[in-house]
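Undergrad: Below are the chains, spelled out letter by letter.
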Amino acid sequence: MKKLILLIFAIAFTFSSCEKDDICDANTITTPRLVISFYDISNSSVLKDVTNLSIIEENETEAVTFNSSTLINGSTVSIPLKTDADVTKYRFILYFGSTTTPVANEDQIQFNYTRENVYVSRACGYKTEYTLDPANPFILTDGAAADQQWIKYVAVKKSTITNENETHLEIYF
Amino acid sequence: MRHTLKYIFSIYFVLSACILSAQETGPKKIAPVKPQTETAPVIPANDYEEVRKTAIKPTDTINVVPKINRYGLRVGVDVYKLTRMLYDKDYKGIEFTGDYRLSKKYYAAAEIGNENKTTDDDRLNFTTKGSYVKVGFDYNAYENWLDMENIISVGLRYGFSSFSQQLNDYKIYNSTPYFGEVPEISSGQKYNGLSASWVEVVAGVKAKVFNNVFVGFSLRLNTLVSNKKPDNFDNLYIPGFNRTYDGSFGVGFNYTISYFIPIYKKKIVPVIVPKKPLPKK
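One line per chain: the protein sequences are Z and D, in this order. Under the working numbering, residues 1 to 173 are what the first sequence spells out, in order. Under the working numbering, residues 1001 to 1281 are what the second sequence spells out, in order.
None of these hints come from the bench; they were simulated from the model. There's no promise every hint is true.
What the hints assert, rightly or not - Taking lysine-lysine pairs in the DSS-like style, the calculated list, with each CA pair at most 25 Å apart, reads:
{"hint": "1", "chain 1": "D", "residue 1": "1129", "chain 2": "D", "residue 2": "1190"}
{"hint": "2", "chain 1": "D", "residue 1": "1171", "chain 2": "Z", "residue 2": "89"}
{"hint": "3", "chain 1": "D", "residue 1": "1265", "chain 2": "D", "residue 2": "1104"}
{"hint": "4", "chain 1": "D", "residue 1": "1171", "chain 2": "Z", "residue 2": "82"}
{"hint": "5", "chain 1": "D", "residue 1": "1067", "chain 2": "D", "residue 2": "1267"}
{"hint": "6", "chain 1": "D", "residue 1": "1208", "chain 2": "D", "residue 2": "1171"}
Just chain Z, with the same shape it has in the complex (with noise of 0.2 Å):
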């Protein structure tokens, strides 16, 4: 009996020492990120890799990290969206920094969104999640510079943002 009594101690004392929900799971989906894909003007079916690509947001002077570079050189990138806010627009500069052939060219994209917190765990506490708008889900502009826009074409894919695993917008250049 006494050693029944003094092993629940023992048990409820390990117990109070591993808390595994005290630190946010990298593995649990929290607040997404914008996943866009670039495809082939010429050839809509073919993904085609952007040179040098550099996402700003207007008000930020650091480009989004992506596969721990701020250059992009690939067919997809993720870009997060505000939480606080529901417009968020960036600066995409392909050739980023070049002054020759091929010139640095800016085009800004403003996503107009809705956002709904979700509750995640005790841990990671909520997370957003976004909706396109629907009427009015981006503007593409051309960039300070009156250069020709060197995205051709935008596409919504997907336009509720709930995770990462498949494309919400595609980019035609």
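Fit chain D to the known structure of chain Z by using the hints.
TA: Just chain D, lined up with the frame of chain Z:
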């Protein structure tokens, strides 16, 4: 919170060892002493022969000191909850305990309480308010000497709680902190009409300190049976159940001071069981 819990557990772990050993050595020393005069039925040794002569059944007269078992209601209060109110401004709570002796070993037991706790986690701050009731039984596994009335028990409870949660503020988790950490968002959203039920395994100790006053503590391991969660939030704290974890597991304890109200007594004179009936079968 985690460290506090750890600290509390280790204190009680040590305390439990002390109480267990104290009770073990105590009775051995006390044992030879005759019970006090308040229990009249103790037969003085000198009169023993006479009693045997007048006894109807000679088989009953084995030299046994009769044991008085008192039956009644014990009511108490959880001192831990009361004292916690003094130093924790985010906590208000009270718990009353009661048990009624059903038989030599079994006690019907119940707790009833009310809690108002504000939990401040890293990412969430919420207030839980509600009442709870727990009913079940205790089994006293401790064999008392003479008129001692100490209890080392294991038991079961079924607990039910009705409560509300209010989300005060929260933070958005963003694994890509490009825009920096967004300050916490005030909510004030209230979730009413929540409930939960659970089963507790209770291990407890109660020691009579003087007259009818007992001090005791119990440790509880809980398993949720039902849990009505709010939409877009969770029951991270349930009155009576305490903090919830990822699964249905929970722990709790109380530290009680209780008063025993005697209702009736039973004298236990162990009857020597005749050994004849056994061979017949």
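Undergrad: State for each hint whether it applies.
TA: Evaluated hints:
1. 1129/D x 1190/D: holds (11 Å)
2. 1171/D x 89/Z: Measuring from Cα to Cα gives roughly 23 Å; hence the hint holds.
3. 1265/D x 1104/D: holds (11 Å)
4. 1171/D x 82/Z: holds (14 Å)
5. 1067/D x 1267/D: Status holds; Cα separation ~6 Å.
6. 1208/D x 1171/D: violated (50 Å)
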